[in-house]
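Here is what each chain is made of, one letter per residue.
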Amino acid sequence: MNASGHRMGGASWLDRAALAAVAGALALAFLTPPEATQGNVARLFYLHVPSVSVAYMAFALALVASVGYLVSRRMAFDHLAVAAAEVGVVFTGFTILAGMIWAKPTWGVYWTWSARLTLTAIMLFVYIGYLALRRAIEDPQARARRAAIYGIVSVVQIPVVHFSVVWWRDIHQLGTVANPTGIQMDGILLVAFFAGLVAFTLVAAALVTRRYALAVLEAGVHDAAARGAGALAGDAVEAPRIGARAGEEHG
Amino acid sequence: MSREAGGGFAQTLAIARRDLLREQRVGEVAWITIPFGAIAVLLVPLAVGTDLPTLTRIGPGLYWAVVLLFGVFIAVRKTAAETPAQRDLISLLGLDPVAGFFGRAAASSILLLGFELVVGAVAVALYNIDLARWPWMILVVPGAAIGLALLGTLAASITANLSTGPALVPFLVAPLAVPLLLAATQAMDSLRPGDSILPWVLLMVAADLALAIAGVLTARPLQETR
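If you read the protein sequences in the order shown, they are chains A and B.
Heads up, the first sequence is in our numbering, so the first residue is 1 and it goes up one at a time.
Heads up, the second sequence is in our numbering, so the first residue is 252 and it goes up one at a time.
Quick caveat, the hints were computed from the structure, so don't treat them as lab data.
We put the beta carbon where it would ideally sit given N, CA and C, even for glycine.
Heads up, a few of these hints could be off.
Stated by the list, open to error - Here are a few chain A residues that face chain B, going by a calculated C-beta distance under 8 Å: (1) L70; (2) R74; (3) M75; (4) F77; (5) V126; (6) G129; (7) L131; (8) A132; (9) I137; (10) V156; (11) F163.
Said to hold, decoys possible - Here are the in silico distance ranges between beta carbons for each label pair: (12) I290/B - A27/A: 40 to 50 Å; (13) W13/A - R471/B: 51 to 61 Å; (14) I389/B - F194/A: 49 to 59 Å; (15) I389/B - I188/A: 34 to 44 Å; (16) F194/A - P304/B: 45 to 55 Å; (17) H222/A - A418/B: 36 to 46 Å; (18) E35/A - L303/B: 40 to 50 Å; (19) L343/B - R227/A: 23 to 33 Å; (20) G187/A - P304/B: 31 to 41 Å; (21) I101/A - D339/B: 49 to 59 Å; (22) T307/B - T37/A: 33 to 43 Å; (23) N412/B - V67/A: 38 to 48 Å; (24) A76/A - A461/B: 24 to 34 Å.
Unchecked claim - To list a few chain A residues with every Cβ distance to chain B over 10 Å, as calculated: (25) T37; (26) Y56; (27) S114; (28) M123; (29) G187; (30) L197; (31) A206; (32) R227; (33) G228.
Just chain A, same shape as in the assembly (with noise of 0.2 Å):
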């Protein structure tokens, strides 16, 4: 525990929760058959598609800390929107990783055009903005206030991206779970995929935690920064001690 009461060094509850959860969704992951045209490639299935709603669920949480800042003015809720950010950040390019080593056995190239894709790099970019943002301002209330502007003005882009792939027809396929037809996937594949879900979140959840005590602590250094600078310089010099060594003279 630091002195903001936040766990930084050992591994909490949560942490270890994250890694038993990868581990059972990597194993049932493992266990589901090959898919019937893609084969093996397929398993991908069960990193990409949660990667891409915890981001999504990170990007939202940041949405809701910025708000809540703009509201409150509590620094907390700064804290948990760049904690939220930066795990989307994370996610969203894992999310495309990952699709692009799917797509190169099944599409036979890393990319294509694909509105989903190409929407989905840009919205990485705008959150990497966003960051970019933070670092370019020093003070702690300015840079709150004004990323969490940004942060609401950027969240329009994700239902754009989500639907995309309805609105433009295109070689990615429409979403298997989050399909307007019903839940694409049945019995072993279903559970592997909400597997593979309640891994990701446990792993976001843990990391935000971890940066949000982190945002704290960096607050703290600021803060005690702050302070120092009203020292004067010279404080570090001993003022000679005349009437002492007098005292010393004459005694």
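With chain A fixed as given, assemble chain B onto it according to the hints.
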């Protein structure tokens, strides 16, 4: 700028007039940004090939990419920047932040429209772009100018006074301008007989409205940070 000096609309006009007057005196957009965009339209064929039928086909897309990437510099032009002393004075005069936002966006819209028209004329001439059903462009071109100006003004407000602001604004604006870029390019593609341009015009109007609402909702919190 106080209530006696006029309501929100009068304040919007006053700020827009001030920005346009500063631009008229300095000529940053007229002498730097517009020629820069025209050079981009001239240089692109040297990179992708000078085959005229190909340029005619991809020309509208290239034109809108140039408008998006270079037009954003209009929102962060030096003549639109305010010093801390100017901001303090305007605040003390009682300027409504929403009116200030729309005033700056209105000036940028007019300048962006000029940019689009000049660079568009260069693109039509160099790429031999066919402007069938061109009256529809009266909706598309100003719609894109307004949307990009609103987005650029919002981003410029968010990054005001930051040393990295001029570099950050294009990065913040470009990905969020995708609906505008899509609407503009698809609308031009739909100018062919038999295609409907209306859905793309509606997308642009929706994007412009969403950005205007975002500007209204964020003007006051942003003023606190300036």
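Hint check:
no.: 1; hint: L70; verdict: 6 Å, holds
no.: 2; hint: R74; verdict: 15 Å, violated
no.: 3; hint: M75; verdict: 15 Å, violated
no.: 4; hint: F77; verdict: 14 Å, violated
no.: 5; hint: V126; verdict: 5 Å, holds
no.: 6; hint: G129; verdict: 5 Å, holds
no.: 7; hint: L131; verdict: 11 Å, violated
no.: 8; hint: A132; verdict: 6 Å, holds
no.: 9; hint: I137; verdict: 6 Å, holds
no.: 10; hint: V156; verdict: 7 Å, holds
no.: 11; hint: F163; verdict: 13 Å, violated
no.: 12; hint: I290/B - A27/A: 40 to 50 Å; verdict: 59 Å, violated
no.: 13; hint: W13/A - R471/B: 51 to 61 Å; verdict: 43 Å, violated
no.: 14; hint: I389/B - F194/A: 49 to 59 Å; verdict: 52 Å, holds
no.: 15; hint: I389/B - I188/A: 34 to 44 Å; verdict: 58 Å, violated
no.: 16; hint: F194/A - P304/B: 45 to 55 Å; verdict: 53 Å, holds
no.: 17; hint: H222/A - A418/B: 36 to 46 Å; verdict: 24 Å, violated
no.: 18; hint: E35/A - L303/B: 40 to 50 Å; verdict: 47 Å, holds
no.: 19; hint: L343/B - R227/A: 23 to 33 Å; verdict: 32 Å, holds
no.: 20; hint: G187/A - P304/B: 31 to 41 Å; verdict: 54 Å, violated
no.: 21; hint: I101/A - D339/B: 49 to 59 Å; verdict: 55 Å, holds
no.: 22; hint: T307/B - T37/A: 33 to 43 Å; verdict: 41 Å, holds
no.: 23; hint: N412/B - V67/A: 38 to 48 Å; verdict: 24 Å, violated
no.: 24; hint: A76/A - A461/B: 24 to 34 Å; verdict: 29 Å, holds
no.: 25; hint: T37; verdict: 32 Å, holds
no.: 26; hint: Y56; verdict: 17 Å, holds
no.: 27; hint: S114; verdict: 14 Å, holds
no.: 28; hint: M123; verdict: 8 Å, violated
no.: 29; hint: G187; verdict: 39 Å, holds
no.: 30; hint: L197; verdict: 27 Å, holds
no.: 31; hint: A206; verdict: 29 Å, holds
no.: 32; hint: R227; verdict: 23 Å, holds
no.: 33; hint: G228; verdict: 24 Å, holds
When the structure is compared with the earlier hints, violations turn up for hints 2, 3, 4, 7, 11, 12, 13, 15, 17, 20, 23, 28 and for no others.
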